[in-house]
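**Q** Keeping their order, the protein sequence lines are chains A and B. Numbers 1 to 314, taken from my numbering, label the letters of the first sequence in order. Numbers 315 to 398, taken from my numbering, label the letters of the second sequence in order.
Everything labelled a hint here was simulated from the structure, so no lab data went into it. C-beta: ideal position from N, C-alpha, C; glycine also. Errors might be hidden in some of the hints.
If you only want the chain A side, here are some residues facing chain B, beta carbon under 7 Å, derived [said to hold, decoys possible]:
(1) S4
(2) G6
(3) L9
(4) Q56
(5) P58
(6) F59
(7) H86
(8) K110
What follows is a list of derived Cβ distance ranges for each label pair [to be verified]:
(9) A:L46 / B:E381: 36 to 46 Å
(10) A:R268 / B:K327: 20 to 30 Å
(11) B:Q362 / A:M229: 24 to 34 Å
(12) A:L166 / B:G376: 50 to 60 Å
(13) A:G108 / B:A355: 10 to 20 Å
(14) B:A355 / A:S41: 57 to 67 Å
(15) B:T344 / A:E307: 40 to 50 Å
(16) A:E307 / B:A355: 56 to 66 Å
(17) A:V237 / B:Q392: 16 to 26 Å
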Amino acid sequence: MSASLGAPLYVGWQLTNECNLACLHCIEESGPGKALAGELSREEALDVLRRLDEAQVPFLSFSGGEPLLHPGFWDIVASACGRGMHVKVETNGHLLKAEDCARLGSLGVKAVQLSLDGASAGTYERLRMRGRFETVLEAARLLRAAGVPLELNFSPTRFNVHEAGLAIDKAVELGAIGFYTGRTIMAGNAARSRALLEPTEEQYASFFAQVRAKAAEYQGRLRVCCHEMGFLEELKVRVENPAALFILLPDGKVKLINALPFLCGDLRRQGVAEVWKSFLEGWRSPEVRGFIAELERDPSLVGRLHERVECSLS
Amino acid sequence: MKLARFVKFREEKFGGVLFETRSEKVFTLTSTGAAVVKEIAAGGSAEQVVARLKARYQDPSGKLETEAREFIDSLRSQGLLSED
Ligand code: SF4
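Build out the structure end to end from the sequences listed, making use of the hints.
**A** Here you go:
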């Protein structure tokens, strides 16, 4: 379907690579002092936003790194909401004060997604270095008190999968509307901590069973989105049917999908329609198809997924 | 009647798309579907939407009216419309 569209429907915008946490599994290798050289300034980001709006992109999610650390975060979110675009903010929640939650509520953001990988401080804090479990719970409560729709995200690892069911119970208790999970991609930081992090297939089987059971228990109260497919299977589906989704990096470059290293344009220099055309061509290119086939033969290539490779387009 | 709070519409060459941003589901629309959605976005009851469509397009057989009513019902049943 994407090939017949005039522009993406969804932009996943990583505003900065800077983060206040330093999680063991971070595919972006974010952390303190990890902002990229040449990240879009507030003014440049507002200009890109204006052009996305002119292209009638209906939905943006702001992530990072930690998006609240971008100096233009509030102006960018206010501008997007003011333009009638639907906005989601994906954050670790540690910087959210009551007044910030109230502001997100009054701006009308459609959802804030917090990462909550576990149902106890022990598991959460083992994965999310510098993170505090209680701080995330407090952020969730503040968001709900401000009337902001809440979603939670859970990255499964060897040492937290057993808490998936309890984490979903916690999501319901906190008043979340959505719970997102799927296999953790072993790229970026996760590639280095693979032995510590990667669940066994038996653990994944039990994890998905817990998630399915809880999804059935809370049907109608909590939307549970769980991608059981491995990322390679997902890539094989995507290459035939790309999602209408840009991954916009902090410096304005656009990636085909987070789980591939390929870039298809630069919104700092190019128009949305031009990058969209390159995006569609990129998915069809022999280079991308070849890389996916090579990944199947050599799973160690997964460590390269967060790299940046320009697609060679016709 | 209007599009539900989490629904965005965009016109495309083939008709249009509705994007339900909460579930992140996309619905593709034919050009007739897109014409109906544009009238819904302009406001009014189902009766008013159908009346405006009939005034705008020729509909001697009543086919457009039938299709528009069925389409509005299906949007409603999928939670893509709100009545306020
Ligand atoms: S909070 Fe998110 S962006 Fe920051 S280090 Fe952790 S996984 Fe990476």
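**Q** Would you mind marking each hint as holding or not holding in the structure?
**A** Against the structure, the hints:
1. Hint on S4 of chain A holds. Least Cβ distance to chain B is approximately 6 Å, under the 7 Å limit.
2. Hint status for G6 of chain A relative to chain B: holds, with the closest Cβ pair at about 6 Å, below 7 Å.
3. The beta carbon of L9 of chain A is positioned within 7 Å of a beta carbon in chain B (closest approach about 5 Å), and the interface hint is therefore held.
4. The criterion of a C-beta within 7 Å of any C-beta in chain B is met by Q56 of chain A, whose closest approach is roughly 5 Å, and the hint holds.
5. Of the supplied interface hints, the one on P58 of chain A holds, with its beta-carbon coming within about 4 Å of a beta-carbon of chain B, less than 7 Å.
6. Using the Cβ-Cβ criterion of 7 Å, the hint placing F59 of chain A at the interface with chain B is satisfied: the shortest such distance is roughly 5 Å.
7. Nearest Cβ of chain B to the Cβ of H86 of chain A: about 4 Å, under the 7 Å cut. The hint holds.
8. About 6 Å separates the beta-carbon of K110 of chain A from the nearest beta-carbon of chain B, less than 7 Å, and the hint is met.
9. At roughly 42 Å, the beta carbons of L46 of chain A and E381 of chain B sit within the given window of 36 to 46 Å.
10. The hinted window of 20 to 30 Å between R268 of chain A and K327 of chain B holds, with their beta carbons roughly 28 Å apart.
11. Evaluation of the 24 to 34 Å hint for Q362 of chain B and M229 of chain A yields a failure: the beta carbon distance comes to about 45 Å.
12. In this structure the hint that L166 of chain A and G376 of chain B lie 50 to 60 Å apart at CB holds, the actual value being about 57 Å.
13. In this structure, G108 of chain A and A355 of chain B meet the distance hint of 10 to 20 Å, their C-beta atoms being roughly 18 Å apart.
14. Hint check: A355 of chain B to S41 of chain A, Cβ distance near 35 Å, so the stated range 57 to 67 Å is violated.
15. Against the hinted window of 40 to 50 Å, the Cβ-Cβ separation of T344 of chain B and E307 of chain A comes to about 42 Å, which satisfies the hint.
16. The hint said 56 to 66 Å for the Cβ distance between E307 of chain A and A355 of chain B, and at roughly 43 Å that hint is violated.
17. Distance hint check: the CB atoms of V237 of chain A and Q392 of chain B are about 24 Å apart, consistent with the given range 16 to 26 Å.
In summary, the structure is inconsistent with hints 11, 14, 16 from the numbered list given earlier, while agreeing with the others.
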